[in-house]
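The hints should help you fit chains A and G onto chain Y, whose structure is shown.
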Amino acid sequence: MDKFKTVLNIFQKQQATFSFGAVALLTAGGEQIFSTVVFRCPCSSMNFTYGNVFLTVPALVLLLLGYILSNKTWKLFTGACTNNSKVCRKEKLCSFIKVITQITLNAVVAPASWIAVALLNGSYYECAMTGFNSTSYKKQVCVGKSEVCLKDLHKLPCGKSSMSPSDSEDVLLIIRAQSQMLGWLVITSIAALALLLSCVARCRSPVSYLQLMFWRAYTKSENDLFESATNEHAKKLAERNLSSFFELKQPTPIVTPDKKAWEKVS
Amino acid sequence: MDKFKTVLNIFQKQQATFSFGAVALLTAGGEQIFSTVVFRCPCSSMNFTYGNVFLTVPALVLLLLGYILSNKTWKLFTGACTNNSKVCRKEKLCSFIKVITQITLNAVVAPASWIAVALLNGSYYECAMTGFNSTSYKKQVCVGKSEVCLKDLHKLPCGKSSMSPSDSEDVLLIIRAQSQMLGWLVITSIAALALLLSCVARCRSPVSYLQLMFWRAYTKSENDLFESATNEHAKKLAERNLSSFFELKQPTPIVTPDKKAWEKVS
Amino acid sequence: MDKFKTVLNIFQKQQATFSFGAVALLTAGGEQIFSTVVFRCPCSSMNFTYGNVFLTVPALVLLLLGYILSNKTWKLFTGACTNNSKVCRKEKLCSFIKVITQITLNAVVAPASWIAVALLNGSYYECAMTGFNSTSYKKQVCVGKSEVCLKDLHKLPCGKSSMSPSDSEDVLLIIRAQSQMLGWLVITSIAALALLLSCVARCRSPVSYLQLMFWRAYTKSENDLFESATNEHAKKLAERNLSSFFELKQPTPIVTPDKKAWEKVS
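Protein chains in written order, with this note's numbering: chain Y, 468 to 733; chain A, 468 to 733; chain G, 468 to 733.
Mixed in with the good hints, there may be bad ones.
Said to hold, decoys possible - In silico DMTMM-like cross-links for lysine to aspartate or glutamate, where the CA-CA straight-line distance does not exceed 25 angstroms:
{"hint": "1", "chain 1": "G", "residue 1": "703", "chain 2": "A", "residue 2": "694"}
{"hint": "2", "chain 1": "A", "residue 1": "618", "chain 2": "A", "residue 2": "634"}
{"hint": "3", "chain 1": "A", "residue 1": "687", "chain 2": "G", "residue 2": "689"}
{"hint": "4", "chain 1": "A", "residue 1": "702", "chain 2": "Y", "residue 2": "699"}
{"hint": "5", "chain 1": "A", "residue 1": "622", "chain 2": "Y", "residue 2": "619"}
{"hint": "6", "chain 1": "G", "residue 1": "687", "chain 2": "G", "residue 2": "699"}
{"hint": "7", "chain 1": "A", "residue 1": "703", "chain 2": "Y", "residue 2": "694"}
{"hint": "8", "chain 1": "Y", "residue 1": "539", "chain 2": "A", "residue 2": "706"}
{"hint": "9", "chain 1": "Y", "residue 1": "612", "chain 2": "A", "residue 2": "619"}
{"hint": "10", "chain 1": "A", "residue 1": "702", "chain 2": "Y", "residue 2": "689"}
{"hint": "11", "chain 1": "A", "residue 1": "687", "chain 2": "G", "residue 2": "699"}
{"hint": "12", "chain 1": "A", "residue 1": "605", "chain 2": "G", "residue 2": "619"}
{"hint": "13", "chain 1": "Y", "residue 1": "687", "chain 2": "A", "residue 2": "691"}
{"hint": "14", "chain 1": "G", "residue 1": "627", "chain 2": "A", "residue 2": "636"}
{"hint": "15", "chain 1": "Y", "residue 1": "612", "chain 2": "A", "residue 2": "614"}
{"hint": "16", "chain 1": "A", "residue 1": "702", "chain 2": "G", "residue 2": "706"}
{"hint": "17", "chain 1": "A", "residue 1": "606", "chain 2": "A", "residue 2": "619"}
{"hint": "18", "chain 1": "G", "residue 1": "542", "chain 2": "A", "residue 2": "689"}
{"hint": "19", "chain 1": "Y", "residue 1": "703", "chain 2": "A", "residue 2": "706"}
{"hint": "20", "chain 1": "G", "residue 1": "627", "chain 2": "A", "residue 2": "619"}
{"hint": "21", "chain 1": "G", "residue 1": "627", "chain 2": "A", "residue 2": "634"}
{"hint": "22", "chain 1": "Y", "residue 1": "542", "chain 2": "A", "residue 2": "706"}
{"hint": "23", "chain 1": "G", "residue 1": "627", "chain 2": "A", "residue 2": "614"}
{"hint": "24", "chain 1": "Y", "residue 1": "612", "chain 2": "Y", "residue 2": "636"}
{"hint": "25", "chain 1": "G", "residue 1": "542", "chain 2": "G", "residue 2": "691"}
{"hint": "26", "chain 1": "G", "residue 1": "702", "chain 2": "A", "residue 2": "694"}
{"hint": "27", "chain 1": "Y", "residue 1": "606", "chain 2": "A", "residue 2": "619"}
{"hint": "28", "chain 1": "A", "residue 1": "687", "chain 2": "G", "residue 2": "694"}
{"hint": "29", "chain 1": "G", "residue 1": "702", "chain 2": "A", "residue 2": "689"}
{"hint": "30", "chain 1": "A", "residue 1": "703", "chain 2": "G", "residue 2": "706"}
{"hint": "31", "chain 1": "A", "residue 1": "605", "chain 2": "A", "residue 2": "634"}
For the record, the hints were derived by calculation from the structure and aren't laboratory data.
So here's chain Y without its partners, still in its complex pose:
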């Protein structure tokens, strides 16, 4: 039982890591399903657009979803328009940008893993690049092949070109290899960027590591308690109002913090 607790504890500490991993894994699984079930390269001049749509648009959707599902976004934006003082002052703007950056970094996990897995898988890139309308790229891919290659490149992903099967396989292998190398490049640069950004952010923090841990614990327990206290307070207020409505009595006064105080704690 004791050991079980230890495992749970470790899990809780690395919660962020695990949730990032889960998001990345789910995205990768979704990408696999999409690329086998939904994706079908048109093998025409639309190849380039079609492949790029499958490569980038789902990533964009995931990014928007990430913004929508983040609590911090709403904490930041609620009342920001009516309450001009919240954005206008310079120091506020600075912290505004800081919070936006934080939210973006959290929201970018899913789209980045979509693009990385899609590139490693290679089928979207394959479809897109066979329709890429650049003579120099076509020549580079078709080096050592017959003239047909330059003309029939966009028919390759469907296996309908008039080239010999061995030649067309060669060309597809080259494009897939490019896609995978690009995928690794994306993964490496994301990992490097993550390390760099957290290093800089931590390095510039005014407090030490243990104090930061303390503040994190404080914020977490404050949030939890605030939520339960809010619920309780709201329930009490609702009960009072209802009973005063049904029993036609004057409501007994309950102290509720005023609007200014709420804005201050937000």
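Just chains A and G, lined up with the frame of chain Y:
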């Protein structure tokens, strides 16, 4: 039940060893999956780049991940920039380098096992070296074979060369053997380096073995207790602040250690 | 239940033997996996190097791992450099060598069983010796066979030589028989050496058998008790320091043995 405890105890003592082993095993499994599912040698002039990307880039990503997931990294960097005294003095710099080395040694387990398993497996190295553009290497591999070997070497991994199947198999076996010997060399040098480094580190330690064990136990229990104390303190503080917010009362003072004290214990 | 206890008791008494057996068995299993999955003889002039690498390098790695995982190694080395008196005196040097020998004997179990199993299996030795560049050895193996045997010996393990299948099988059987005889030789000499060394060590011991048993039991229970006492002391110390940190009080003094005392008990 008593025996079970003993087993658990042994497990706990060798925790570091077991976690290293688990990391190495997971990496090896991942490498196997990648080399069979994702990896497809392009059999063109890109061979060398492609093989090397699969051999080294995942190792680099694993290294970066190792840095990101290490608690020690953040303990070291948090507040290091704003607090110049932490790095500037010479003795501090020395211990800074020491901690960095320690973190690197822990983070290097996964990448090293990736490279070792990839070399023992041989398919990445095979693809890379068949595209290696060095006449002397090609001649060494193709010794006793026909002239075609020098020209068609990069087509070997796909089985598309115009050489006889027996000859091409011979060449591939030689390259794979080189890869495996290189893999054993990597493993041996890592093991030797690990033994040497720990020997030197322990040998220079100012305290004896049993005292070191005592300090380790002390650090562990201090960390555990510190964490629970921090959480409790944070909860108390949050409760006080919230109740003062809802009940519109002045908060009762709670003593919290100041910033200097936090920096000192970090 | 009573019988179960007896079995457990026997198991505990012969713990060392059982753990040696487990290590040997695991090594043998690993060797089998390696020789079927990873090992592929290149059938070229590299045969000799390749076979010997697979025969000896894993054994070397296992030896290094044995040193790294041994507690005694670290008990010996911790603080040995800073504390010159630990090595310099002659009697100390003598006991130093004694402990090193003991650690080596424990660490040598896994590599020895690797080599023994590899030789009994025969495939590594077969590959190595078919590439052995010695005319007299080749003549000895090829006695009564055609001239081709001397030239095509390194192609035998892949079954690609131009000799008749029956002849090549004969040669391989001879080499495998040599390998297995060598393997039994290794096993016998290790067993004989183990018996001899323990005989000499016990014979020179100043105390009788029963007294030795007593000292062993004493050492074991001392270690166990020391460990639990250390953990408890560390916990008490940590609790005191933490409470003094959060409550901003002066710490109450706890007596901790000084460095000299620690060195003495180590």
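Here's how the hints hold up against the structure:
1. 703/G - 694/A: Between residue 703/G and residue 694/A the Cα gap is close to 16 angstroms, so the pair holds against 25 angstroms.
2. 618/A - 634/A: OK: residue 618/A and residue 634/A at ~14 angstroms, within 25 angstroms.
3. 687/A - 689/G: Between residue 687/A and residue 689/G the Cα gap is close to 23 angstroms, so the pair holds against 25 angstroms.
4. 702/A - 699/Y: Given pair residue 702/A, residue 699/Y holds - Cα atoms ~18 angstroms apart, limit 25 angstroms.
5. 622/A - 619/Y: It holds: about 23 angstroms lies between the C-alpha atoms, which stays within 25 angstroms.
6. 687/G - 699/G: Roughly 19 angstroms between the alpha carbons, so the hint for residue 687/G and residue 699/G holds.
7. 703/A - 694/Y: OK: residue 703/A and residue 694/Y at ~16 angstroms, within 25 angstroms.
8. 539/Y - 706/A: 22 angstroms, holds
9. 612/Y - 619/A: Distance ~15 angstroms between residue 612/Y and residue 619/A Cα, so the pair holds.
10. 702/A - 689/Y: 7 angstroms, holds
11. 687/A - 699/G: 12 angstroms, holds
12. 605/A - 619/G: 23 angstroms, holds
13. 687/Y - 691/A: 19 angstroms, holds
14. 627/G - 636/A: Satisfied, since the Cα-Cα distance of roughly 11 angstroms is no more than 25 angstroms.
15. 612/Y - 614/A: 22 angstroms, holds
16. 702/A - 706/G: Holds: residue 702/A and residue 706/G sit about 19 angstroms apart, inside 25 angstroms.
17. 606/A - 619/A: 12 angstroms, holds
18. 542/G - 689/A: The hint holds at about 24 angstroms.
19. 703/Y - 706/A: 19 angstroms, holds
20. 627/G - 619/A: 23 angstroms, holds
21. 627/G - 634/A: With a Cα-Cα distance of about 11 angstroms, the restraint between residue 627/G and residue 634/A holds, given a limit of 25 angstroms.
22. 542/Y - 706/A: Given that 25 angstroms is the threshold and the Cα spacing comes to 21 angstroms, the pair holds.
23. 627/G - 614/A: 21 angstroms, holds
24. 612/Y - 636/Y: Satisfied, since the Cα-Cα distance of roughly 11 angstroms is no more than 25 angstroms.
25. 542/G - 691/G: Holds. Residue 542/G to residue 691/G sits at ~16 angstroms (cutoff 25 angstroms).
26. 702/G - 694/A: 14 angstroms, holds
27. 606/Y - 619/A: With Cα atoms ~21 angstroms apart, residue 606/Y and residue 619/A stay inside 25 angstroms; holds.
28. 687/A - 694/G: Holds, at about 14 angstroms.
29. 702/G - 689/A: Holds, at about 7 angstroms.
30. 703/A - 706/G: Roughly 19 angstroms separates the two Cα atoms, so the pair holds.
31. 605/A - 634/A: 14 angstroms, holds
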